[in-house]
Amino acid sequence: MLDWYPIFLKEMLQFKRKLLRLGYIFSAMMAPIIYLITFGLGLGRTVTLSGGVDYLTYLFPGLVAMSSMNNSYSWVASTLNLSRLYFKTFQIYIQAPINPFSIMIGEVLAGMVKGLFASLLILFVGFFLPSGFKINEIFVLALLLNCFMFACLGVITGMITKSHEDTATYSNFFILPMAFFSGTFFSLDRIPHVFKPFIYIMPLTHTNILIRKNFIDTEALLSLFAVLFYCFLFFVLGYLLIRKYNE
Amino acid sequence: MIKIENLSKSYGKVKALDSLNLEIKKSEIFGLLGPNGAGKTTTVKILTNLTKPESGLCFIDGINVLKHPQEVKRIIGVVPQENNLERELTVYENLLIYGMLHKVKSLKKRIEDILSIMELKDKKNSIVNTLSGGFQRRVLLARALLPEPKVMFLDEPSIGLDPHIRRELWQIIRKIKTEGRTVLLTTHYIEEAEALCDRVGILFQGRLIALGTPMELKKNVGEYVVEFFNENGEFISEVCQSREEAYEIAKKRSNGVILRKSNLEDVFVKLTGERIRKIER
Ligand SMILES: Nc1ncnc2c1ncn2[C@@H]1O[C@H](COP(=O)(O)OP(=O)(O)OP(=O)(O)O)[C@@H](O)[C@H]1O
Ligand SMILES: [Mg+2]
Chain E
1 MLDWYPIFLK
11 EMLQFKRKLL
21 RLGYIFSAMM
31 APIIYLITFG
41 LGLGRTVTLS
51 GGVDYLTYLF
61 PGLVAMSSMN
71 NSYSWVASTL
81 NLSRLYFKTF
91 QIYIQAPINP
101 FSIMIGEVLA
111 GMVKGLFASL
121 LILFVGFFLP
131 SGFKINEIFV
141 LALLLNCFMF
151 ACLGVITGMI
161 TKSHEDTATY
171 SNFFILPMAF
181 FSGTFFSLDR
191 IPHVFKPFIY
201 IMPLTHTNIL
211 IRKNFIDTEA
221 LLSLFAVLFY
231 CFLFFVLGYL
241 LIRKYNE
Chain H
1 MIKIENLSKS
11 YGKVKALDSL
21 NLEIKKSEIF
31 GLLGPNGAGK
41 TTTVKILTNL
51 TKPESGLCFI
61 DGINVLKHPQ
71 EVKRIIGVVP
81 QENNLERELT
91 VYENLLIYGM
101 LHKVKSLKKR
111 IEDILSIMEL
121 KDKKNSIVNT
131 LSGGFQRRVL
141 LARALLPEPK
151 VMFLDEPSIG
161 LDPHIRRELW
171 QIIRKIKTEG
181 RTVLLTTHYI
191 EEAEALCDRV
201 GILFQGRLIA
211 LGTPMELKKN
221 VGEYVVEFFN
231 ENGEFISEVC
241 QSREEAYEIA
251 KKRSNGVILR
261 KSNLEDVFVK
271 LTGERIRKIE
281 R
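As given, the protein sequences belong to chains E and H, one line each in that order.
Residues in the first sequence are numbered from 1 upward in steps of one, following the working numbering.
Residues in the second sequence are numbered from 1 upward in steps of one, following the working numbering.
If you are wondering where the hints come from, they were derived from the structure by calculation, not from laboratory data.
Using N, Cα and C, we set each Cβ at its ideal position, and we do this for glycine too.
Here's a subset of chain H near chain E, in silico, CB distances under 8 Å, partners left out: (1) 48; (2) 100; (3) 101; (4) 102.
The calculated label-pair distances, taken between Cβ atoms and stated as ranges, are: (5) H:82 <-> E:130: 51 to 61 Å; (6) E:200 <-> H:132: 50 to 60 Å; (7) H:62 <-> E:23: 48 to 58 Å; (8) H:57 <-> E:135: 57 to 67 Å; (9) H:174 <-> E:229: 51 to 61 Å; (10) E:144 <-> H:3: 41 to 51 Å.
Turn these sequences into a full structure, and let the hints guide you.
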């Protein structure tokens, strides 16, 4: 049952070493701080949103969603890629008498920890800024699901990439556009109708809808289902790729 | 203990294994020799579940490797050609994680035991990256031995080690054998095969071109070797069946002739060289 634990443990041991190097935390905080300053404080002063919400309050959950996506995804995608192709340490899991399912769980949980850690950093920074943002249950649920979803997607790219450069390519094609076009920085109402289908296909869009809700309405429910669907899809695909491993 | 039947595997157009047949007995050290790209690592990878063959069967301790990989994984240990320790973790952490993956019983004690057997006690808390190549190999071996496997696969275990460390490693491998484990090792170092292996097989382009004890192979190819420089200054090395034949050749040379007993290297060079010449024709 706990076959996934050694895999998770290994990632955590490595993560711990990373954290101990002080530079890591500062560099991890860099991106969110820059976003908060440029978009929140700089640009934000000129933006008015319907319903009297100030921009920082709007932006904040979006940044958490984006950052948790980035970190869960890229950590898993890049460590898996490196350990599979260069260090060959992934082969140890394949050669161990454990189920591919356990390998999947171990990798995904580790990715979630990274995503949650990055989110905590932003929440910490946000604590010092004047905004009306408050954490509620829906926020926590959306955040957890988002980390899970993108950690699973990380496994998929980690398993199919043929070189480390590929990781950046996938990231530029899928993750980067998603970060900007799925409601992180501006409301989806402002997007022209022709683009809407594309926007609503992106998984992060639904996290962004969900993470800003104070109560569950129809829109929230639909987005919750969309997120759950992607979680399921990515998990199964990742699992199958691990099971099919063949050099 | 290991049985391979008609095993074939290609990577694109390259035939890495071409219907290989081989049987390895219990508690023997079997050496797989062969030039670069002969298919040694491919054989090990198939037997250790990293890749699947196109056709053929293989069994370890009677278990079908392709049908019941999980059961096979419980009884084998692997030292891969490329060092795949977690370089940023300590020796202890590497062993801990591997032991957990393989569900080793009373793991902490077992780790202490293996550390002292392999004389790694004072390296326990060193980060792998800070260890020399020789120590890293030892950690790889310790890791593979942790779950007490019945069969060990050592893919070029002594590559890149200095002669002294290599001999230390040989001692460890001999010890593994005396514990009743079966060892399949691949190597480029002929003297390693002679020093360690009960039997050797020479692999060439995915096919086994010779099989037997080092002694048998030397007998088959010729027990004597004459070496000299010819008129054009080329180095010639001729393998002969008998001492008399070798004398005949040596007599025709005026100076600088060496007459010696053959070794496994001569067998290797002769057999693989013949094949290469055949292909060129
Ligand atoms: N992943 C791969 N993709 C494509 N070709 C491969 C792959 N792995 C091995 N090969 C090819 O298969 C053949 C056998 O390779 P293998 O690694 O088994 O040889 P080897 O005997 O272990 O050689 P070496 O002594 O250099 O380690 C080689 O021609 C090699 O180029
Ligand atoms: Mg090899």
